[in-house]
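There are 4 protein chains.
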Amino acid sequence: MADTRTRAGDIAHLGHVEMLTDRYDESLDFFTRVYGLKLSGEDADSAYLRAWDDYEHHSLKLTRAETTGVGHIGYRAASPEALDRCVAVIEASGYPVQGWVDGDDGHGPAFRFGDPFGHVFEIYYETRRYEAPPEDRPALKNTASAFTGMPPRRLDHLNLLAQDVSVFRDFMLTCLGSRVTEYIQLDNGRIGGCWFTVNNKTYDLACTEEHGTGHGRLHHVTYATDQREDILRAADIFLQNGVHIETGPHKHAIQGTFFLYVWEPAGNRVELANAGARLILAPDWEPVRWTEADRKKGQAWGLKTIETFHTHGTPPTAED
Amino acid sequence: MADTRTRAGDIAHLGHVEMLTDRYDESLDFFTRVYGLKLSGEDADSAYLRAWDDYEHHSLKLTRAETTGVGHIGYRAASPEALDRCVAVIEASGYPVQGWVDGDDGHGPAFRFGDPFGHVFEIYYETRRYEAPPEDRPALKNTASAFTGMPPRRLDHLNLLAQDVSVFRDFMLTCLGSRVTEYIQLDNGRIGGCWFTVNNKTYDLACTEEHGTGHGRLHHVTYATDQREDILRAADIFLQNGVHIETGPHKHAIQGTFFLYVWEPAGNRVELANAGARLILAPDWEPVRWTEADRKKGQAWGLKTIETFHTHGTPPTAED
Amino acid sequence: MADTRTRAGDIAHLGHVEMLTDRYDESLDFFTRVYGLKLSGEDADSAYLRAWDDYEHHSLKLTRAETTGVGHIGYRAASPEALDRCVAVIEASGYPVQGWVDGDDGHGPAFRFGDPFGHVFEIYYETRRYEAPPEDRPALKNTASAFTGMPPRRLDHLNLLAQDVSVFRDFMLTCLGSRVTEYIQLDNGRIGGCWFTVNNKTYDLACTEEHGTGHGRLHHVTYATDQREDILRAADIFLQNGVHIETGPHKHAIQGTFFLYVWEPAGNRVELANAGARLILAPDWEPVRWTEADRKKGQAWGLKTIETFHTHGTPPTAED
Amino acid sequence: MADTRTRAGDIAHLGHVEMLTDRYDESLDFFTRVYGLKLSGEDADSAYLRAWDDYEHHSLKLTRAETTGVGHIGYRAASPEALDRCVAVIEASGYPVQGWVDGDDGHGPAFRFGDPFGHVFEIYYETRRYEAPPEDRPALKNTASAFTGMPPRRLDHLNLLAQDVSVFRDFMLTCLGSRVTEYIQLDNGRIGGCWFTVNNKTYDLACTEEHGTGHGRLHHVTYATDQREDILRAADIFLQNGVHIETGPHKHAIQGTFFLYVWEPAGNRVELANAGARLILAPDWEPVRWTEADRKKGQAWGLKTIETFHTHGTPPTAED
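Protein chains in written order, with the UniProt record's numbering: chain A, 1 to 320; chain B, 1 to 320; chain C, 1 to 320; chain D, 1 to 320.
Simulated from the structure, these hints should not be mistaken for lab results.
For glycine and all other residues, C-beta sits at the position ideal for the given N, C-alpha and C.
Errors might be hidden in some of the hints.
What the hints assert, rightly or not - To list a few chain D residues with every Cβ distance to chain B over 10 Å, as calculated:
(1) Arg137
(2) His252
(3) Leu303
As the list claims (entries may be wrong) - Straight-line alpha carbon distances no greater than 30 Å define the calculated DSS-like cross-link-like pairs of lysine-lysine that follow:
(4) B:Lys297 x D:Lys296
(5) D:Lys304 x B:Lys297
(6) B:Lys296 x D:Lys304
(7) B:Lys141 x C:Lys304
Unchecked claim - According to the in silico footprint, chain A covers these stretches of chain B (three or more CB under 8 Å from chain A):
(8) 7 to 15
(9) 69 to 80
(10) 140 to 154
(11) 189 to 202
(12) 227 to 234
(13) 246 to 258
(14) 270 to 279
Isolated chain A (complex conformation) (with noise of 0.2 Å):
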């Protein structure tokens, strides 16, 4: 009998997330010069930028556009067999399919398709490993590329918005076999906000509640740094650099991480995040459920969400 949904290990990890810009010189500059990723290429589009251990062609396609937010979003199948696998679930599913895409510089052929709320996923399996050229070679043979002392390790998450978080949920289970790590229940008994990983990671995707009128927005992108140090630093570079922080660094209640966001020259705001030595390993893990009670206690150590925490995604709506 068909699968009605994707096995648990069929989808290896996030791979990648295209940006778009509405300030492309600007938010490359960003990227490149304080964040600290490297530009494996450039199309005409197109910017193809990874962190230093990344170990694909990139994890971050950044694009023109006319707006901001999420252009698409990229899973690495564990095999072909398990991309098949996928491909037929998804298409049984009835959430909005694409179909087959070339792929850009960076991987093979992807399978396209959609949740309800408006944002473009793809799977593929063939990738294209990052080949670092002589200036760029690691000295420890077991990373992608040189290190260079910036924040960034590896993409780590991202955070989408949707008008309702369980029928979101559904798809998540339904089209990436992901599980819920933690979520928040509100008090009405909605869920206000789910976290999702496909592997060990404690996440590689969270949703959050869109409240106004917005469409397939982005809430946040995010790298991970080795230590939380790192992200003290970048905190002051991000200030020298005259970046806008929005909140942190600070500690998270929800999945303990350690976090700081800015927002980019374009608005879309992105995250160094460091989770320390967490992981989910028990195969039976029981999502972890936070009440509006617990959420009023702020973040771990008692800082108080910013306002625009809950109300900035990108693109603004008509209300912004």
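Given the structure of chain A, go ahead and fit chains B, C and D onto it with the hints provided.
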């Protein structure tokens, strides 16, 4: 057709290690007061210990014995069905099988078997989650028990010694469905060391070559810390408490782990380690090969490997 | 001709602060078990506490009282002759003088005097060095006692409230020979806050404006940590122990200090702080002026200063 | 009566070190691109360098030469009067005097003199504060220039070699009014090493015994970092850039400094160090004596001191 090798994903994670000690009281004092584990329970022969964020009842079983070394190594399966599949593979494999045992205070029935070098493994699914008594309840509900500020957050990995690492490697691939992430290939073609994982951790078990007459020996057991700073602080705590610091803090070239090795009072080597944000996410990760020429450069930052690191294991051998 | 102001260098350093508590047992438990000070001794009314590398008998004298706040502030003179010179200056200064007192368990004769706002100061030279008993001997002979792994290394500074910071500034310059390293100048010309030092530390005492009816009040007492990571870890320890975290961890724009403020059980505000490698070495350091426009940017990384930070002091006022 | 020894407090701090290099271009590239200093200016023979929070025009003068080593060492006096007093003491002391020189791009008139081992010192008061051009303005007005994220924050200390450390000690006490904070006393009674300070830093100059035929040699120059993590990160940067890492990161037993030593391209040893919150505040600090027995324990965490640390200095000797 029956599987001849345990499937990737069927074993979820390393669950616990049983360590033998002929100085039980001193070892227990070390692990609880100095190293920073918590006591979950104790019976006539063993103390059950865990780090503050280990979700199971224990990750270290410390057992009174006439000598030192490793009692058994427990891995948790991903599901009851996965456990059955693994058992079938192992029974058919020809590796020495001891069969089902009742489990102890910390988990349900376990299937025991051995590698060709005298190490005893067990796999189990039913487990006893750690239920924190009121005084040990965590402030954040997504952690397993009260934060203590002590360095170890969770069990990370162990390192065994074997006369033939290639033979050990076959055992791990067959019985646990492990994959090799890095290895040392000596100039004579032999495998000098091999690092294994069953999940996205960079390794959960390492095996290095036994040079002497030892049999079934332990090289070390390791807990993970959230930050490298926890390890620097631990070094001062070990110094203050008269613990033998063998080597570190420094960074391994292999796996890039920031490490610190000490000997607990009975002589077993224990480590604190931090991998930063490093994970093995690529489903087709190509094992990294280290040559003798590479190894001559020492550890990542040039530290020469200390002689005892090549010779000291537990239990001691007649040569010691 | 007699000095009209204490000479630079005649006062060596801030020695200790006496803190009053109307919840003595809870405060003592907090300082020893949670905050991480050591108990040097106790008499009928007071506990004598110190951080692990404070070289004197105590740096915090915790005294049973009917309310909270600061009892007295002790500075150590650089020599007996320096002490005499200071006393002569103070006696001639017109500031209220209480005269010589015997000292307590921790030091010899002390000369007591007051500022115009009700705070009591004392200066002394003869001191009682902390003599570690065998169980508290440091592993390294250049530190004062056993390393505990707890965050506070040494007393750093305190912050007092005064109705007129300019008047307080004159007091500090005259009596202690302090220099001003940074200050806040309000748009109306008043000095809103002022940071003082008698040595190369960036400050050992700060004074900020008392907005209400309080008299002789304390804003906070601070210990220094070796690393910022100690403060992040402390935040989790405070969270776990139910301590009220008022604000932080974050970085002050003024002085650039990485900070964390909590309230001990009786309500006195205590801080942990890390200045990194920052020192005031220039003999002609020009005081840094911060304007209201500067202050509107919030703390260094944009955190808005929490309201209680402007209003909460000890003892409470009738308004509280 | 004339002073026979410079008064405590008359010398404010170590100001700059002139380092000689016979590979000027490579050394300059190392210091600016890898080690993380900034270039303040350059003339025909020298580059003027500083860390991001050094308040003077330069703290390192890198000079083209036919060999390596130290050109001169500059200390800044506390005032013009203090400078005059020091000069009088030095002129009367019998130590070799070169007299007043004009100063260079970074400071006013300087009085030059020498120790008995061929090292050239100068003292000066008038200095040129670093005036940051717009592109180097700091985000926080209490720091000297733009934060770069690079490890060195300010010049910390240097280490010279002398055939007789006791004789060197007398020179430092007489001419600079230094005090000794720690020293090594060999079993034969000789002083093997001595650590000096003119302020609250734990040391600004160290002298260790020259074992060979070298004359006026340099052991190393050190910059301070804000955090130990900056040093761990620097180790990876040095590794990536092919810099010779001699030893570390580790912690010295003497002074408790967290250290990392590398050789710049011409062979001069440079260090990055972090002292945490350690300061010498006691006006009557008793110098800490380290014996050969102490030294046999190795560095704080047991690292054996590497052989080249005892033999390598610059310039090289005929034996090298």
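>> So if I understand the rule, the pair passes when the alpha-carbon distance is 30 Å or less; does Lys304 (chain D) with Lys297 (chain B) pass?
In response: 18 Å, holds
> Within the assertion that chain A covers the region 140 to 154 of chain B, do at least three residues meet a Cβ-to-Cβ distance smaller than 8 Å?
Replying inline: Our answer is that it holds, as 6 residues pass the Cβ test (under 8 Å) against chain A, meeting three.
>> Three residues or more, CB to CB closer than 8 Å: is that satisfied between the region 227 to 234 of chain B and chain A?
In response: holds (count 3)
> the region 7 to 15 of chain B covered by chain A? Criterion: 3 or more residues, Cβ-Cβ distance below 8 Å.
Replying inline: Since 4 is at least three, the answer is holds.
> Given as covered by chain A, does the region 189 to 202 of chain B meet the bar of three residues or more with CB within less than 8 Å?
Replying inline: Holds: 3 residues of the region 189 to 202 of chain B have a Cβ under 8 Å from chain A.
> Counting residues of the region 69 to 80 of chain B whose CB is closer than 8 Å to a CB in chain A, do you get three or more?
Replying inline: As far as the region 69 to 80 of chain B goes, the hint holds, because 4 residues have Cβ atoms under 8 Å from chain A.
>> Lys297 (chain B) and Lys296 (chain D) were given as a pair; does the straight-line alpha-carbon distance stay at or below 30 Å?
In response: 26 Å, holds
> So is His252 (chain D) really clear of chain B, every C-beta pair being over 10 Å apart?
Replying inline: 12 Å, holds
> For the region 246 to 258 of chain B, do three or more residues have a beta carbon lying closer than 8 Å to a beta carbon of chain A?
Replying inline: holds (count 4)
> Per the stated criterion, does the least C-beta distance between Leu303 (chain D) and chain B lie above 10 Å, as a non-interface residue requires?
Replying inline: Contrary to the label, Leu303 (chain D) does not stay out of reach of chain B, its closest Cβ about 8 Å off (not over 10 Å).
> Quick one, are Lys141 (chain B) and Lys304 (chain C) close enough, alpha carbons at most 30 Å?
Replying inline: 28 Å, holds
> Do at least three Cβ atoms from the region 270 to 279 of chain B come closer than 8 Å to Cβ atoms of chain A?
Replying inline: holds (count 6)
Figure legend: structure checked against the earlier numbered hints; the only hint not met is number 3.
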